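Chains as they are written, first to last, in my numbering: chain H, 1 to 287; chain B, 288 to 592; chain C, 593 to 867.
Because the hints were derived from the structure by calculation, they are not lab data. Predicted, not measured: the structure shown is a model, and the values here were computed from it. Here a beta-carbon is modelled for each residue, glycine too, at the ideal position from N, C-alpha and C. Heads up, some of the hints might be wrong.
[Said to hold, decoys possible] Once the Cα atoms are required to be at most 20 Å apart in a straight line, the calculated EDC-like pairs of lysine to aspartate or glutamate come out as: (1) B/LYS399 to C/GLU863; (2) B/LYS489 to C/GLU671; (3) B/LYS399 to C/GLU854; (4) C/LYS845 to C/GLU863.
[Stated by the list, open to error] Some chain H residues well away from chain B (every beta-carbon gap over 10 Å; in silico): (5) LEU21; (6) LEU23; (7) ALA44; (8) PHE68; (9) VAL76; (10) LEU79; (11) SER108; (12) ASN130; (13) PHE192; (14) HIS193; (15) ILE207; (16) GLY222; (17) SER228; (18) ILE240.
Residues per chain, in single letters:
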Amino acid sequence: MFKIKNRRHFYEQSFAFASRLSLIICAGVLLFLLGSIFIQGISALSLEFLFTPSSSFGKSGGIFYQLFGSLLMVLVAALLVLPLALGTALFRNSYNKNSAIAHIMDQSLYALNAIPSVTYGIFGLIFFVNLLNTGISWFVGSIILAIMMLPTVTLSTYQAMAAIPKIYHENAAALGLTRTEIVRRVTLPQSFHGVVTGLLIGLSRAIGETAPIMFIATAFSGVSVPQSLVEPVSTLPTHILELAQQSTDPQALQNAWGASLTLVLLAATFSGLALFLRSRLNSEGHQ
Amino acid sequence: MSATSALKAKALLKAKPASKRRDATKAYCQGSAVLSIVIVSVILLTLLIQSLPVLMSGDNGLIGTQWNPDEGQFGIIAPLFGSVFVMIIATVIAFPIGLLTAIYISETRSSKLRRLIKSILELLAGIPSIVYGLIGVAYLNIWVADLFDLQSGRIILTAGILLGIMILPTFLTLTEDALSAVPQRYRENAKSLGMYRHEVFKDIIFPQAKVGIAGAGLLALGRALGETMAVMLVIGSLDRLPSPLFNPLSSGQTITSKLGREVGESAFGSVHFSALVFMSFILVSITIALTILSHYFLTRKPSDV
Amino acid sequence: MSDMHGKPQLALVENSASAEAAAQASAVQIRNFSAYYGKNCIISDVSLDLPEKGVTCLLGPSGTGKSTLLRWINRINEETENASFSGNINVLGLDVLEGYPDVTELRRRTGMVFQQPCVFPCSIYDNMLMGLRNRKLSKSEARAIIEQSLKSAAIWDEIAHRLEDPATSLSLGQQQRLCIARALVLKPSILLLDEPTASIDPVSSRAIEDLVISLGEDIAVVMVTHNIAQTKRISDHVIFLCDGKIVEQGTRKHMFSMRSCEKTRTYITEEFCDC
């Protein structure tokens, strides 16, 4: 009896030890990741760094046009995806009564979410750059990023719509509003936060994407503000990629860390805003 | 909307002539939905069509280990093997640590601590993969090289470790969701029977959460297979099977690193390009299958088990 | 407490000598017990003893901390966020904190059944086996213990032929009796019941009440309830709590007689308490 009790006790202790150890490992990895990004990045980061164009192939100077290119591309992508995601979510929520179609839509969105980012780049290269003959174009990059954001924004919007209490719809219908009027007066205003949250999360992911845009939308150096839709820009992720490949050069590495910190801060700002919005709305919902 | 309100809406639609603007809203929504589905189909179709040239060209050694565009040899086995190998290493690292940490978090009584950890994980999952790649290049590959006394740390093991770190937040947070979804009363009932925590987990919690954990695992596997930038920077890009086969200390290639390196260099319309697209098509098929399967698991409720 | 009349079987703390004597005869001794959720004090400075045998009902309106008190006896409230307590709880002669460094030991000696029936999603037999896991028993020994427990929970006749069926296929009332049987496999000296009939139909409730009475002949049964009629039917002793304090305690006879204090009488007749 004692032996058995000891064995159970031994398992219990090892179980507790293992799970605590795992937590410590996770915390260690976390500290290392955030620590290295911040400590290395902060020494490179300055206002001058942010607002000076890069020079000598990125090794010196700042990241002004990269920052500009990244923001331009993701913000235009957000503008492109907004109407599409809103319409798709509205259709799924308010017009579609066919469960087979709903299923196909869900699976399509999951599939979009599952497609590896590099594949988006290849698709963009085939479909836009070559078949539609756009050439390397930042606007094509925006389109591809918009497609990548589509599932996130649509699902977030749809969830916000599905969360509207049925009683609102029923009351509105009882007042004699048609379905489209209900959409415009009830569904849209009540689910607006879902659109914004989805867009912010989408932005925070899109701004860090490298693989989808590196074949189709960016040039490494020698570009500034694009004059048309079909010109390349340079972006933060592709800039980091180039510099990381010269990682033996301390100057290049230094600039890569600075650009990384900028990128992480941008992504964190978008997702932080989304979190803030979500938690504020949640707490309002409880009151 | 309930049936009655739908009926009322219909009756009203009949009573009043539908205005043009109303139709426009509906048409816009239908159009958006159709476009969303069309986009997916177009992507998959484009990849399939562009894969055809290599599939139809004979004697290309597609199911082989040789990759040599100049001689028309496009063997996909080496990168396919590399992808799976790296994924397995990442899994072996991330899954046990992720599961055990998730258990710790789900067992903690403090909801504040849980929320804090969850937010940090969300932040970690938001670090762009290129930044992970930079960390891999700047630290990890040097450490691995020192540890195993190698000339270069750009090897399969480094890629696996980096990928393990990258999928850890996703796996951890979804696994924790699955564990927390098991109602607290099961824990209380089990503990009131004098069961130890590991027994409660093994006999009560895990059987109910395993479907969700499987979903989390599949989703993480999909992410691992599709991850490009970080892997590309640290794997060494060597188009050969490692020798011996399961030697994690040799350089290698995954499908994604291959695509990232070579798509820009191959001419559009060539068999070489088509072979790369075909690889991408295989990759997409696997990741879509994994993700749809994982959604099927993740959306099932514990009571359905 | 000094306004107690009659001959309470519940030992009351008057001096340390009698407290020690009480420790011999009581299954649970609680001294100066206060329970908190965060900084909210839900029950304050309660002292009581629970006898070794018989059914003790913790009676009182909802939200007076009856369940909290019960849940601290086997420390299951440790699972609740921000929950803490001060004072002493003594179970079977040992302090719950210091006497049981391994909390599972405490929980094996005290069975507990909750308000909501909670069977594990496996077969009836496996449910019964949970408490016996990792105890080296032969299959026939385990089966004998399980049969005996199911019999004492008065559910054996109904389910003997379907032990391999999933436990969730049972009716709620049967599930709750299975939960009681499951708690009995470890042969606990104390059985803690947290409103076990609250979510169950009246017929099954009666079956559980009969079961509780017969269990009370051998072990200490502590039952939280706000059902006055039920208390009258099954209790040997009654502890009436209101607003985190003990209003009065005594035998059932005493509590349901005219000799009980005014507050108790009001509550028992009007189910209202102005604390």
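Exercise. Against the structure shown, which of the earlier numbered hints fail to hold, in ascending order?
Worked result: 1, 3, 5, 6, 11, 12, 15, 18
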